[in-house]
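Asks: If you want the building blocks of each chain, they are given just below.
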Amino acid sequence: MTLRASNAEHLHCLNKAATAAGLHPGMPLADARAVCPALSTRPADLIREGRALEGLRRWASRYGPHAAKDGTDGLVVDVSGVPHLFGGEAELLADLEARCERTGVGAKSAIAETRGGAWALARHGGGVIPEGGLLARLGPMPVSALRIEPAVAEALTRLGLNRIVDLTNVPRAPLARRFGADLLLRLDQALGTQVEPVAAGSEAPHFGVRMTLPDPIGLTADVMGVLDRLLVRLCDRLASARMGARAVRLELQRVDRSAAVVDVGLARAMRDPARISALFLKGVDEVDSGFGIDGLRLTATMTEPLAPEQIGNTEARAGDELSDLISRIGNRLGFDAVQRFQPASSRIPERSFVTVPAVSAPPVPFPQGRRPRRPITLFPAEPLTQVSGNPPARFSWRRMGFTTLRAHGPERITPEWWCDDPAWRSGVRDYWRVETSEGPRLWLFRTPQSGSRDWYAQGVFL
Amino acid sequence: MRTLRNWLTYESHADPLHLLNSRVHEVEGRGRIGFALFQAARLAGPVFWIMLAHDRDRLLPGSLPEGVAGRLHLIEAPGETDLLWAVEEALRARPVSLVIAAPEKPITLTAGRRLQLAAEAGDTTGLMLIQEGRGSNAAETRWKCDPLPSPADSTRHRWALSKNKKGTIIFCDVSWNGATAAVHLVPQARERCQPEDPPA
Chain R
-8 MTLRASNAEH
2 LHCLNKAATA
12 AGLHPGMPLA
22 DARAVCPALS
32 TRPADLIREG
42 RALEGLRRWA
52 SRYGPHAAKD
62 GTDGLVVDVS
72 GVPHLFGGEA
82 ELLADLEARC
92 ERTGVGAKSA
102 IAETRGGAWA
112 LARHGGGVIP
122 EGGLLARLGP
132 MPVSALRIEP
142 AVAEALTRLG
152 LNRIVDLTNV
162 PRAPLARRFG
172 ADLLLRLDQA
182 LGTQVEPVAA
192 GSEAPHFGVR
202 MTLPDPIGLT
212 ADVMGVLDRL
222 LVRLCDRLAS
232 ARMGARAVRL
242 ELQRVDRSAA
252 VVDVGLARAM
262 RDPARISALF
272 LKGVDEVDSG
282 FGIDGLRLTA
292 TMTEPLAPEQ
302 IGNTEARAGD
312 ELSDLISRIG
322 NRLGFDAVQR
332 FQPASSRIPE
342 RSFVTVPAVS
352 APPVPFPQGR
362 RPRRPITLFP
372 AEPLTQVSGN
382 PPARFSWRRM
392 GFTTLRAHGP
402 ERITPEWWCD
412 DPAWRSGVRD
422 YWRVETSEGP
432 RLWLFRTPQS
442 GSRDWYAQGV
452 FL
Chain H
50 MRTLRNWLTY
60 ESHADPLHLL
70 NSRVHEVEGR
80 GRIGFALFQA
90 ARLAGPVFWI
100 MLAHDRDRLL
110 PGSLPEGVAG
120 RLHLIEAPGE
130 TDLLWAVEEA
140 LRARPVSLVI
150 AAPEKPITLT
160 AGRRLQLAAE
170 AGDTTGLMLI
180 QEGRGSNAAE
190 TRWKCDPLPS
200 PADSTRHRWA
210 LSKNKKGTII
220 FCDVSWNGAT
230 AAVHLVPQAR
240 ERCQPEDPPA
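Residue numbers (the numbering used here), protein chains in the order written: chain R, -8 to 453; chain H, 50 to 249.
Okay, chain R solo, but in the shape it has when bound (with noise of 0.2 angstroms):
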């Protein structure tokens, strides 16, 4: 893996290969290459590097309550208590590796009394410190094993003080004075004299829920019933957490191992199972179950902050049944179908608004006020045929005859220079509120800068 640091790639991280023909992590990539011309190397990618550690540190709780993250590429839990459980220590750093090995995660790890200790141990070596023992393994490492900068390990390394045991002879006063505070910090650390928590995060909460059954199962009704039961499951978790979901996933695992996914989204964040268990019928109706379905799933795939309300307040229930509404219809049509205006700001009377899904947007109130004439119903510009006249007299129009009663106009609306729009590619136009003596009012237009004298009608006036 290399990454790109300071305009040049550098090694970021390499395989067991890789270290025995002497490259090391942090190297120039050219360098690397002239070293090993059979180098093969990816970009590294450090957001989804994180999300693997996170992955693997959830993992690794298995081992300890208190997992955490040490750095980009470490972990850290507190087993404090755990070893017997897997019947020693020794077996269950042996479990750990056995079972990273397995899964191809190259690891190393180590056991020790201090956070610090465990930290170098595994660097160096690996294994277990018994108890007691953390000076006399420790201390022929070098000092680099102490978490501290490179600058400062080199700086001791200048003064002859090179391992740890080192360290622990000289008076502690003139070190913390050259090298700071943090140089002692991390002895003390790393020797036992100075705690150092494991701090683990909280968890962050999960809302997935999943049911496995002993038979399997086909039937929509008996699907169903499972589902609602890990509907309300999954619905105290988010209530717990003050959460609403907006969009929920549904798997069903097949007899097989195939797995069929029913996807919902909701019009709004909502935790009540009775709504969202509706929704999901139609998409669990047609799942095929194959030999049967023995495993369910139910997740929530995107959700936001929700707080609770008062019940029972008809306004807000009005408003529940229209988003159950749009969840509904948009669930079959998609949720981009349901619509709803929102003004924008242009002259051009196809873009004077905005379609929006109406999910995503709240309603805006349109100005009101003085506004230009404008005709309620709009199409793409369809051109009259048989016209007469300027403005036309008489023409036609969708097969229709018209006679002009009435013409107001000229009415010059200008293209905007800086949307590229195909349909206003013939400059500005002249549009006519024509009425007919047939009764429609229409919007006509000509193009005078094209040079056409072909007429188009755009819209019709209430």
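Simulated from the structure, these hints should not be mistaken for lab results. Note that beta-carbon positions come from the ideal geometry of N, C-alpha and C, so glycine has one too. No incorrect hints appear here.
Anything over 10 angstroms on all C-beta distances counts as not near chain R; from chain H, calculated:
#1 L166
#2 E181
#3 S185
#4 N186
#5 K193
#6 S211
#7 K212
#8 K215
#9 I218
#10 H233
#11 P248
Residues from chain H that face chain R, not an exhaustive set, calculated with beta carbons under 10 angstroms:
#12 S112
#13 L113
#14 R143
#15 V145
#16 D195
#17 L197
#18 N226
Dock chain H against the given chain R, drawing on the hints supplied.
Replies: For chain H alone, kept in the frame of chain R given last:
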């Protein structure tokens, strides 16, 4: 005895342009969209406008009557079946006050009856914008709306009630400017049924 409640319902039914609540109505003719907007302006509450995705005639929200654009939900259905399904769902929802839909094909009697049942269940008014002669017999009323050539500064419409299950048919010319829910009824110039007696 006429209670206040009776009086109010009586009043609302005396209004010739009122659409009976919890029923589905139909409107045809060139001025049908204007009539639908007029009804939307008269009712308070959310309005659902359900149309086919390939329909070319789109509403221009800036010119709708006051307050309608803000409470209008536009639903684009990919096909006729989905459109009718969406209409039924919207009619069944209680908070919706008016459902306007523009199907292309004739509404079958079964579909029309289902829509009536849904409107009754949800206490919602439905208005189907149909093309000429493509209505269903289940409709409560059918209106035929056409714009009329009008004198300057006025917009005349002929709104004719051509079918009514619970009353008489009417015929009125109105002048509605499309901004508020108020209309002007235009007095009819009529001929007498009987010729006037010659002066004695």
